[in-house]
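Visitor: Starting from the given sequences, assemble the full structure and let the hints guide the process.
Under this note's numbering, the first residue of the sequence shown carries the number 7, and numbering increases by one thereafter.
Just to be clear, a hint being listed does not mean it is correct.
Claimed, not checked - Here are the simulated DSS-like cross-link-like pairs (lysine-lysine), alpha carbons at most 25 Å apart as the crow flies:
1. Lys27 with Lys79
2. Lys79 with Lys46
3. Lys123 with Lys90
4. Lys165 with Lys203
5. Lys112 with Lys66
6. Lys123 with Lys202
7. Lys123 with Lys27
8. Lys165 with Lys117
9. Lys165 with Lys202
10. Lys152 with Lys27
11. Lys117 with Lys172
12. Lys172 with Lys90
13. Lys130 with Lys202
14. Lys90 with Lys165
15. Lys152 with Lys112
16. Lys66 with Lys90
17. Lys90 with Lys46
18. Lys172 with Lys112
19. Lys180 with Lys90
20. Lys180 with Lys130
21. Lys152 with Lys130
Calculated directly from the structure, the hints in this document are not laboratory data.
None of these values were measured; they are calculated from a predicted model.
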Amino acid sequence: MPDIIITDIMMPCMNGFELCKAIRESELLNHIPVIMVTAKATHEDRMRGLEFGADAYIEKPFHADELNVRVEKLLEQRQVLQNKYSKVNPEKTSEEGASVISEPDKSFLTKVTDAVKAQISGGKIDYNLLASTLCFSRAQLNRKIKAITGETTTDLILKIKISLAKNLLDNTDKSIIEISMDCGMDSDSYFCTVFKKATGLTPLQYRNRING
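Guide: Next up, the structure:
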């Protein structure tokens, strides 16, 4: 899966506008930045490219340095978004992450979260089943998640489990053992370890913080 796509507007079979539209409509590819290169530099053409989802527009002829800088800046922006996402609760992408994650990426991550939660009660997550549920191959899913969040699929799943555990600790009277099982962790000691690593508190300390 490419980190960035560079396309000319004038191409055989499919022009750059159509390609950009197809990319933005593909759940597999819609997170990838697109640069349009063209000799057609009218205001209308630029606006059309932006409307189809292009991230940058370069007029021919151009210096290679200009293209290199555009590529570097777009990839830097993606890295900034990944870093910001790493601080966002996946359960609250519609709130905390609203200014961080694009609508297509938010929709995708919501689907991932829902699919993970549907499997959690059964214990271990089946990565192949998770991928097929989302209509991806396992490798495609891993690359997509990494591109959007900067995290591995395993890291994202753990983040979702911790978020679910926080919700259960805040809103139920379930025991720590029950919550660890509800979050797909058979060992409550492992649950306590990963929870403290993620939050700085043990599950019991987290629950008691409101009354403390």
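Visitor: Indicate, hint by hint, whether the structure satisfies it.
Guide: Here is what the structure says about each hint:
Under the criterion of a C-alpha separation no larger than 25 Å, the hint pairing lysine 27 with lysine 79 is consistent with the structure, at around 22 Å. For the proposed pair lysine 79 and lysine 46, the alpha carbon gap of about 23 Å is at most 25 Å, so the pair holds. Proposed proximity of lysine 123 and lysine 90 is supported: the alpha carbons are some 23 Å apart, at most 25 Å. At roughly 11 Å between alpha-carbon atoms, lysine 165 and lysine 203 fall within 25 Å of each other, so this suggested pair holds.
As the CA atoms of lysine 112 and lysine 66 are separated by approximately 34 Å, the hinted pair breaks the 25 Å bound. For the suggested pair lysine 123 and lysine 202, the alpha carbons sit about 21 Å apart, so the restraint of at most 25 Å is met. Restraint check for lysine 123 and lysine 27: the C-alpha separation of about 32 Å exceeds 25 Å, so the hint is violated. Distance hint between lysine 165 and lysine 117 is fulfilled; the C-alpha atoms sit about 15 Å from each other, no more than 25 Å.
Taken as a hint, the lysine 165 and lysine 202 pair is honoured in the structure, with Cα atoms around 12 Å apart against an allowance of 25 Å. Note on lysine 152 and lysine 27: the hinted pairing holds, with a Cα-Cα distance of about 23 Å set against a maximum of 25 Å. Proximity of lysine 117 to lysine 172 is assessed by CA-CA distance (about 20 Å); at most 25 Å being required, the pair is judged to hold. Using a Cα cut-off of 25 Å, the hinted pair lysine 172 and lysine 90 holds, with the two alpha carbons roughly 21 Å apart.
With a CA separation close to 21 Å, the supplied pair lysine 130 and lysine 202 stays within the 25 Å bound. For the given pair, lysine 90 sits about 14 Å from lysine 165 by alpha-carbon distance, which is consistent with the 25 Å threshold. Between lysine 152 and lysine 112 the alpha-carbon distance is near 14 Å, which keeps this suggested pair within the 25 Å criterion. For the hint pairing lysine 66 with lysine 90, the CA-to-CA distance comes to about 34 Å; that exceeds 25 Å, so the pair is violated.
Pair hint lysine 90 plus lysine 46 does not hold up; C-alpha atoms about 36 Å apart against a cutoff of 25 Å. In summary, the hint linking lysine 172 to lysine 112 is supported, as the alpha carbons are separated by about 21 Å, within the 25 Å threshold. This hinted pair does not check out: lysine 180 and lysine 90 have alpha carbons roughly 32 Å apart, beyond 25 Å. Between lysine 180 and lysine 130 the alpha-carbon distance is near 21 Å, which keeps this suggested pair within the 25 Å criterion.
A C-alpha spacing of about 21 Å is found between lysine 152 and lysine 130, which places the hinted pair at or below 25 Å, so the restraint holds.
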